[in-house]
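Following the hints, complete the assembly by docking chains B, C and D with the ligands onto the known chain A.
Letter by letter, the chains look like this.
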Amino acid sequence: MLIVDKEGILIRYNVKMEKSMTPEEAAAELYPKDELYKPIAEAIFEGEEDDVIEGLEAAIAAGKDPIALIDDILMVGMKIVTDLYDQGVIFLPNVMMSADAMLEGIEFCKSESGASPVTKGKIVVHVAEGDVHDIGKSIVAALLRAAGYEVVDLGRDCPVDEVIEAVKKEKPMMLTGTALMTTTMYAFKEVNDRLVEGGLSLPFQCGGGAVNQDFVGTYSLGVYGEEAADAPKMADAILAGADIAALRTRFHTH
Amino acid sequence: MLIVDKEGILIRYNVKMEKSMTPEEAAAELYPKDELYKPIAEAIFEGEEDDVIEGLEAAIAAGKDPIALIDDILMVGMKIVTDLYDQGVIFLPNVMMSADAMLEGIEFCKSESGASPVTKGKIVVHVAEGDVHDIGKSIVAALLRAAGYEVVDLGRDCPVDEVIEAVKKEKPMMLTGTALMTTTMYAFKEVNDRLVEGGLSLPFQCGGGAVNQDFVGTYSLGVYGEEAADAPKMADAILAGADIAALRTRFHTH
Amino acid sequence: MAINRFTTMAYSEADEMVFGNAKKPVKAGLDLEIGAGYTTAEVNYAPRPEAGETQEKLVNEYQRITKDIMARMVQVGFPSVVLETEHVQQMTNNPAWGAAVAHAQKTIMEEYNEEYGIKCALRHTPGDIREDKEFLGLRGDKMTVVMESFDQVAESGADLLSIESMGGKEIFDYAVLRNDVPGMLYAIGCLGSMDMGYLWQEIAKVAQQKGVTAAGDTDCAQANTAMFIAGGLLDKNLAHTLAIVARAISAPRSLTAYEAGAVGPGKDCGYENIIVKAISGMPMSFEGKTSTCAHSDVMGNLIMQCCDLWSNESVEYHAEFGGTTVQCWSESLNYDCALMNTALKSGNEKILRDLLMASDRFRDPQSYILAYDNAYKVGEAIVKDGEDIFLRAKNAGMECCNILNGSEGLDMTKFELGALAKATAEFEALTSESETFMSDCMEKYSAEVPVFKPENYGL
Amino acid sequence: MAINRFTTMAYSEADEMVFGNAKKPVKAGLDLEIGAGYTTAEVNYAPRPEAGETQEKLVNEYQRITKDIMARMVQVGFPSVVLETEHVQQMTNNPAWGAAVAHAQKTIMEEYNEEYGIKCALRHTPGDIREDKEFLGLRGDKMTVVMESFDQVAESGADLLSIESMGGKEIFDYAVLRNDVPGMLYAIGCLGSMDMGYLWQEIAKVAQQKGVTAAGDTDCAQANTAMFIAGGLLDKNLAHTLAIVARAISAPRSLTAYEAGAVGPGKDCGYENIIVKAISGMPMSFEGKTSTCAHSDVMGNLIMQCCDLWSNESVEYHAEFGGTTVQCWSESLNYDCALMNTALKSGNEKILRDLLMASDRFRDPQSYILAYDNAYKVGEAIVKDGEDIFLRAKNAGMECCNILNGSEGLDMTKFELGALAKATAEFEALTSESETFMSDCMEKYSAEVPVFKPENYGL
Ligand code: B12
Ligand code: B12
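Residue numbers (the working numbering), protein chains in the order written: chain A, 1 to 254; chain B, 1 to 254; chain C, 1 to 459; chain D, 1 to 459.
The following block holds chain A by itself, in its conformation from the complex (with noise of 0.2 Å):
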C-alpha cells in the first residue's frame, strides 16, 4: 500500500489556524468572578442542566432574585458560548447543550419566582412548504433561543397559510424561512406577498442551502441569512433599529 506523506499535497488549514488556547481555557477567561455565579456559567458552557439548577438553588438561597438571574447570570453565562462559538473556539453541538441547559435554568427560575420574565422580542421560524430540510431551521431556532429570543417554531413543510396566521396571531418582531431545495424556495416570495397584501411589514429572514440574496433581494420584506449564527445578530440589529434597507446593507455581503 502507497502511503505518501500530505506535505504539498494538501494543507489541513484548520489544524494550522487552530487556537492556541483550548476551549476550556478560552472559556475559564470569561467567566464571571462571582463566586455564585461562576459555576453557573461553568455549568452552561459544560451543559450540565443538573449543575445549572444547583448553581441556581445555591444563588436563590443566597438571595438571589430567580427572575434576575436569568439575566444576570443565565444569559451572561449563554453569551460567553455563543461569543466563542462565533470566534471559532467551540463548535455548534456545545452551543445547543449550552442552550439546553441554559433554557432549563430560565424554567427553573421562572417556577421559582411564579412571574414570567421579559424576553429580548418573539421571533417565528419555519421551514418553506413542500420542504423537510429542517436541520438548518433548528439551529436558527436554538441560536435564537440562547441569545434570549422567544421563539415559535412551526416546523418544517409548513403551509403558507400557516405563516400568515402565525404571523398575524404572535405579531413577532422577526419571521424566518429555510429551504433548502430550489423547488420550495419560490414559498418565500408567495409569504412576502401575503404579507405585504395583508399590511404585515416586518423583516423576512431567509436562509438555508437553495436560497441565495439574489434571490432574496426581489421581494420587499426579504433579508437574506448566510449563517444560522446571523439569526441573532439580526434580531439584535433590529432591536437596535434597522429597518430592512439596514439590514440588507449589513448581511448582503456578496
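These aren't lab readings, by the way, just hints derived from the structure by calculation. Treat the hints loosely; a few may be bogus.
Said to hold, decoys possible - In the DSS-like style, the derived pairs of lysine-lysine whose C-alpha atoms are separated by at most 27 Å in a straight line are: (1) C:LYS350 / D:LYS350; (2) B:LYS19 / D:LYS350; (3) A:LYS110 / C:LYS444; (4) C:LYS23 / C:LYS133.
Positioned in the frame of chain A, the structure of chains B, C and D with the ligands alone reads:
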C-alpha cells in the same frame, strides 16, 4: 511508454457506424444518366468550378437554355451533395466547395443568357449585435444558397437597426440570426419586438451556440434552429405553407 | 424474503479490492455488467423546478435529459453508461408519473443501444415519502405507495431499484446536534437497520417478480447529514471525527439491504459503501471529485478507490457553455472511468487506486477511515458480531475510534480530538447487551424526542 | 525586445516530459512557482450577462467569484490556485475597468495568502479587440487600447499576462470551411506568427516594466475553431484529421510568444502547448476532462499528461446545488491536481501520465498526434527549420500527416483518411521557398477574401 489497446476503453462510433460505400460510389448512384448532365453533376460534387463551366458550355452548345440549366442540372447536382451531407456520407467542406462551384455555374448561365433566374426566395441572415462569431452564420448562408435561395448576408456584429432596415428593404421570406454568446443573444428579442412593432411578421430563425429552444420560444416570431442544415429545411417548409406554429412543432424537438 | 446476515468478509484482505471489480458482479439493463472488470459512469440529474408542474412536462424534461446524455456518450466514444433518476416527490406519490418517466427514458436508451451498441442501464430511486408533516410513518399507507411506485417503475423499464430510506432519522436529527453518540448508534445502527430489513425484503420481492435488480440503499438521511453538517475544514458545526463515527455505524445499516435480498450496485452517496463492498463483495457506486455540482467533498479522489459505478450525485438540468449540465458532468465522469479502465486493462489498477487513496488519506478523519485498508478493518469489526445489529454497529463505531486514536500521519484539531475522546469513552461505557441498550434508549428517547413513534419499527 | 527563434528541443527525449515539471519553472504572484514539481489548478469564469452593465456591478461580480474560489480552496485544504480573468470586451475597451477588477481580485487573494498561506496568482487576459465590424485592425488605434489594458492590469495586480491573438483569422475562416490546407498554413503559420511577433514584443515590454510575467498566447481563433467545427465523433463539419493539421501548424505560431519574450505559463486552451512545452521547456496550462463546462473534448484525459496548470476554461458564474459554479469546478480541478501531485511525490508521475495518455490515444486523430511522444516528433520537425516561420509550420503539418499515415492502433473513417490523403498530397506539392509561398498566397487570398488587408501584417 504505455500503449493500451482501445477495446473496452473507447469505441470509435464513427468508424463502427460508417457506411460501406465511399462518397464517390454513393454519388455515382445518384448522378443523372444524361450524357450532357452527368459531367456537370460530377463537377459540382468534386467542387471543380472549371469543369462545371466546361460542362455548361457543352450543354449550351448542344442547345440547352442557360437559365433552364440552372434548375435542370445545377440545382439537381447540388441536391445530390446536400442529400449525401444529410445522410452523413460527406462532410461540410465538400458542400461548401460544391456550392462555390454551383454558384459560379449560375453566374455563368446568367451571363450567357443575359436574363436572371427566379430564385426560390430571399432570406436575410445576420450575426447578433456585439457578436463576432460568424462561422455558423456563414455555413447557414452557404447551405441556403446551395438550396437555391437568395441570401442577403448582413455579416457579424449587426446592429438591430440594420436588421430592421434590411427586412423592410428586402422583404425576405425569412430572417435568420446567429449568436454564440449569452450576452448577445438578447438582441434577438429586440429584433423580434421591433419587427412586431413595425408590423413585419416573418419567421425569425435563430441558432448558434448560446441559443436554445426555450429562449427562442419566448418571442413571437422565433423558431429555433439547431443545425445549419435545418435552415434550408425551414425555408422549404415555409414555401410549403408552414406558419410559425407549424415550424415550431416541427423544429422544436427538445 | 429472509434476512441473511454477513458474518465473514468477501475479500480475504483489503489489498484485494480495486475499482471496476466486485466479487459478485451484477448484470443489468442493456448488455451492461457492473463490477465485471470495468467501471461505468452513473449520471444523476434533477429536473428544473418548473418541469414538475404536470406529468407531461416532467416526462418531456427527462426525455431531454436522457437524449442529451446518450448523444454525448456516443460523440466522445464512451462504451457504457448508467442513468439514475432520483424521483422528485410527485413521481413517487403518483406512481404512474414515475412509470411514465421510466418508460420514456428506457425507450431512448434502447434506441441508442440498438443503433450504437452502447451498454446502459436505468436506475430509479423513488423518494422515501413515508412521513407526514410531523412524524415518520414508515409502515402505513405511505409504505403502500412506495411499493406501488417500485412495482410500476420496474414494470416500465427501470433496471436497478434503489431508495434512500429514512428509518431512525427522527432520533438522529436530535442526537447529531448534541454530540450524542449513543443516540446516533440507536438511530442508525438499530432503528435504521430494523426499518431497512422490513423495507428491503419487500423491494427484493418486487425486483424478483419483475426480473429486475434490487440494487441498494444509502444512509443519506443520517451519515450524509452528519457529513454535510460537518462540512469543510473550517466549519464549526460538527466535529469531523463524529461525522465519521456516524458513517462507520451506517455501514452495518446499509449492509442490511444486501442481507434482505439486494445484490448491488449500492447507491452513489453511500460513502459507507467501501465497507459494504469489503463485506458483501457486491459492486458499489460512489461519488466524489466529479460530484462537486452537488456538494463539496473532503475525499474527492480517495472515494473513487474501489468504485464500480462513478457518479455525479445530482445536477440541475440547465445550459452551460459546453452543453447541458448533464452532458458536461457525464463527460467528465466518463473520462474518470476511461482512466480507471485503462489502468485495469494495463494491470496498473492498484497503483492508480493507491494514488487516489493517498491523495486524500490525511485530508480529514473521514477520509482516513474510509481509506480502503481502514475501511476493511471496520468491516471486520462488523462481521465479528454480524448477527447482532446493535453489537456490530457498536463495533463499527468503536473500531473507527480505535483507528483514529492510533492514527499515523493524520493531524487533527484539538476540537476533533476532544470529540473523539468523548466518543471513545462513551463507547467504552456502553453495555454489550442489545436488549439493555434497546430498552434504555426506548425510554430515554421516548421522553426526549416528541416525534419518536416506536410503532414505526414494530417496537 | 528581439525575437529569438527556437532551433533545439528543451527536452532530450519525449519521456522526459511530465506534468508539474517544466525545464524553466516560473515564479509568479504570491509564493507560487509554476512547473516546479507540482501542478496547480487554474480557475476560469465568466460573469453573468447582467453584471456587465456598469463597472461597479462587474467589479462586484468578480469579487464574489474570487471570494468564492478562495474560500472553497481553504475549506478543502488545497495548497495553491491560479485565477484567470478573461476580459469581457468592456474590460479591455475601458482599461480602467479591467484594472479595477484586477485590483479587487488581487486584494482578496492577498488576504487569503496572508491569513492561510495559500499560494496563488492572478492571470488577466484582455480580449483581442483589434478589429472593427468588417476588418481586422491589428496595428491601429485598437492596438493602443490593448496595450493600455495590459499596462493597467499589470499595474493593478495581474501577475500573468495573456491574450488569445487573432492574426490570420480572416484567411483561416475562409480556408477552414473549404478544406484549404495551404490557406490554413498561410493563415496560422505565416500571418499568425507575424502578428504574434509584433504583439508579444510589446507585451513582454510591459511585463518587464511592471515586474510581472508575460505568460503566453494560444491559437484559439484558429486551431480551436477548427477543433470545434470538427466537434465530436459523429459530427460531419470538418475531418478530424484536418483539425489536427491546423493544430500542428499552430504550434510554431504559439511558440512565437516565447520567442518574443514570454516565459509561460502558456494559456489553457492551447492544445498545441504540449508541442510548445517540448520545444521551449516552459510551463503550460491545459484543459480537458474538467473543462466540460466550456466544451466537449475528445482527449479529456490525454491532454492532462504534461500540464503544469490545469484549467476549466470557462464557466458562467451561477448557483449549483454544491455551491457556485466556480466553487464546483475549482474543487474538481484541484482534486485532479492532488492526484497528480501525489503521483509526483511518490515517484509515480510517469505511470499516471501514461495512463492518462493511453486512455485517449486512439480516441481521435487529434489525440493521437497530441500524445506526448508524437507531439515531441512534431516539435522536432519545427525546430529543424526554426528560423523560417513558413518552413517550420509546413514541417509541423507534414510531420502530423506522416505520423497519421504511419499510425498504429488508430482507426480512422474513410472520410478522415480521404482528407488526410488530400492534405498529405497538398503538402508534398508545396514549395519550400518561403517567399514564393508568401507571394502566391498574397495574390490568391487578396483576390478571394475581400476582408484580407495585408497592412495588418506590415505586408
Ligand atoms: C441532509 C439532507 C437530507 C435529509 C434531511 C434531514 C433533515 N431533517 O433535514 C433527508 C435525507 C431527509 C433529505 C431528503 C431529501 N432531500 Co435532501 N439533502 C440533505 C443534504 C445532504 C444536507 C442538508 C443539510 O442538512 N445541511 C446542513 C444544514 C445545517 O444546512 P442549512 O439547512 O443550509 O442551514 C445552514 C444555513 O443555510 C443557515 N440557515 C438556514 N436557514 C436559515 C435561516 C436564516 C434566517 C439564517 C440567518 C440562516 C439560515 O444556517 C445553517 C448553518 O449555518 C443536502 C445536500 C446539500 N448540498 O445541501 C440534500 C438536498 C438538499 N436534498 C435534496 C433532495 C432532492 C432531497 C429529496 C427530495 C431526496 C429524495 N429523492 O427523496 C428529499 C426531500 C423530500 C422533501 N419533500 O423535502 C437535494 C435538493 C435538490 C434541489 N432540487 O434543490 C439536495 C441539495 C441534495 C442534492 N445535491 O441533490 N435530504
Ligand atoms: C471559434 C470561437 C471564437 C473565434 C470566432 C471565429 C469566428 N469567425 O467566428 C474567436 C477566436 C474570434 C472568438 C472570440 C471570442 N470568443 Co469565442 N468561441 C469560439 C468557439 C471556440 C467555437 C465557436 C464556433 O465557431 N463554433 C462552430 C460553429 C459552426 O458553431 P455555431 O456558430 O454554433 O453554428 C452551428 C449551429 O449553432 C447552427 N447555427 C448557427 N446559427 C444558426 C442559425 C440558424 C437559423 C440555424 C438553423 C442554425 C444555426 O449551425 C452551425 C452548425 O450546425 C466557442 C466555444 C463554444 N463552446 O461554442 C467560443 C465562445 C463562443 N467564445 C467565447 C468568448 C467569451 C469569446 C471572446 C469574448 C473571447 C475574448 N475574451 O476575447 C471573443 C468574442 C469577442 C466578441 N465581441 O464577440 C465564449 C462565449 C461565452 C459566453 N459568454 O457566452 C465561448 C462559448 C467559449 C467559452 N467556453 O467560454 N471565439
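Evaluation of the provided hints:
1. Under the criterion of a C-alpha separation no larger than 27 Å, the hint pairing C:LYS350 with D:LYS350 is consistent with the structure, at around 15 Å.
2. Straight-line distance between C-alpha atoms of B:LYS19 and D:LYS350 comes to about 40 Å, which puts the hinted pair past the 27 Å bound.
3. As the CA atoms of A:LYS110 and C:LYS444 are separated by approximately 25 Å, the hinted pair is consistent with the 27 Å bound.
4. Proposed proximity of C:LYS23 and C:LYS133 is contradicted: the alpha carbons are some 42 Å apart, above 27 Å.
Comparing the model with each earlier hint shows violations of hints 2 and 4; every other hint is respected.
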